Amino acid sequence: MTDHAHTNCEELLGLLSAYIDGDLGPELCLELEKHLAGCDNCRVVLNTTKRTIDLVHAPIGKLDVPEDVRERLFKRLNLDDYLSQKS
Amino acid sequence: MNKTMSLEISLEALIAGDRAEFARLVDAYSSPIYRLGFRMLGTPQDAEDVLQNTFLNVLTHLSTFEGRSSLSTWLYRIAANEALMLIRKKKPEINMDDSQAGENDEDLLPTQFADWSALPEDELLSGEGKKALDAAIETLPESMRLVFLLRDVEGLSIKETADALNLTETNVKTRLLRARMLLREQLSTYYGERIAREERQ
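Here the protein sequences line up with chains D and L, keeping their order. So the first sequence is numbered by my numbering: it starts at 1 and just counts up by one. So the second sequence is numbered by my numbering: it starts at 1 and just counts up by one.
Just chain D, same shape as in the assembly (with noise of 0.2 angstroms):
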């Protein structure tokens, strides 16, 4: 982030995740796309952002519980009658 004339990027870096959930007021959305559109790095921080969180999210990403483990549990909480009832 210093191969640019901006001073104000790690000023600005506060703002992303409350920019990528649209929790920024108007002026300071305003002012951090003001500076993203002339700022390889910031944008790069943005999207690379954006996309780990999309990562997090993918099918691929979930782990569901196994089975098994819903088997014993459903046992523990003696909900035996209930186990085949999967919503």
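It should be emphasised that the hints constitute simulated quantities derived from the structure, not laboratory data. In this text the structure is predicted, and so the values were computed from the model without any measurement. One should not assume that every hint holds.
[What the hints assert, rightly or not] In silico DSS-like pairs for lysine-lysine, Cα to Cα no more than 30 angstroms straight-line:
#1 K62/D <-> K131/L
#2 K75/D <-> K89/L
#3 K50/D <-> K159/L
#4 K91/L <-> K75/D
#5 K89/L <-> K62/D
#6 K75/D <-> K159/L
#7 K75/D <-> K90/L
#8 K50/D <-> K90/L
[Said to hold, decoys possible] Partial list, derived from the structure: chain L residues whose beta carbon lies under 10 angstroms from chain D:
#9 D27
#10 L108
#11 L177
Think of the CB as a built atom: it goes at the ideal place given N, C-alpha and C, for glycine as much as any other residue.
Using the hints provided, position chain L relative to the given structure of chain D.
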């Protein structure tokens, strides 16, 4: 988490001791709670312990649930506490206060600027890619990881995450920003090297 499913659960029926409804609650939240346990403790056995202890606790305290938070937030609060208790028991050397690595501003400054954002998802998560993501999540300090898991993995709102973890919303936002920056940095190092390697071949 399947939000529609959670909305269909009747709190009244649960409190009245309806076992079929409790079984539906268990099915609706088992996977998110198991994931949380696995990501916090790192082993299937510990994840199962967190899962079982959470629902045993829910069963014990359901009659006193006052509805000040939503049922799902309450469940996540119990699960998070179970996970933290187990961490304290198994890894007493871990310091869970706010002065951990990654809490300093200097740690947040990006140093990796490889742009891997346009690569397709199946390529990013193929083979080693998925391992790199898992390993990166595992390196987040516990207090930061919990916030990240509830907000970004399970999709709770900032407010729900704050309620579940007994934190202020500002604190959640700060931890979330740090977690996202730390993960991005690690993934950028990994993908940057991978892109460079592929270009050389």
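Going down the list of hints, with the structure as the test:
Of the supplied pair hints, the one linking K62/D and K131/L holds, its CA atoms being roughly 13 angstroms apart against a limit of 30 angstroms. At most 30 angstroms may separate the alpha-carbon atoms for a hinted pair to count; K75/D and K89/L meet this at roughly 26 angstroms. Restraint check for K50/D and K159/L: satisfied, since their Cα atoms lie roughly 21 angstroms apart, inside the 30 angstroms limit. Pair hint K91/L plus K75/D holds up; C-alpha atoms about 29 angstroms apart against a cutoff of 30 angstroms.
Of the pairs offered as hints, the one joining K89/L and K62/D holds, with about 27 angstroms between alpha carbons and a cut-off of 30 angstroms not exceeded. Taken as a hint, the K75/D and K159/L pair is broken in the structure, with Cα atoms around 34 angstroms apart against an allowance of 30 angstroms. For a cut-off of 30 angstroms, the pair hint linking K75/D to K90/L stands: about 26 angstroms separates their Cα positions. A threshold of 30 angstroms between alpha carbons decides the hint, and for K50/D with K90/L the separation of about 34 angstroms lies outside it, so the pair is violated.
Because the smallest distance between the Cβ of D27/L and any Cβ of chain D comes to about 5 angstroms, under 10 angstroms, the interface hint for this residue holds. For L108/L, the suggested interface contact is upheld, since its CB lies about 7 angstroms from the closest CB of chain D, less than 10 angstroms. Because the closest C-beta pair between L177/L and chain D is about 4 angstroms apart, less than 10 angstroms, the hint holds.
Figure legend: structure checked against the earlier numbered hints; hints not met, in rising order: 6, 8.
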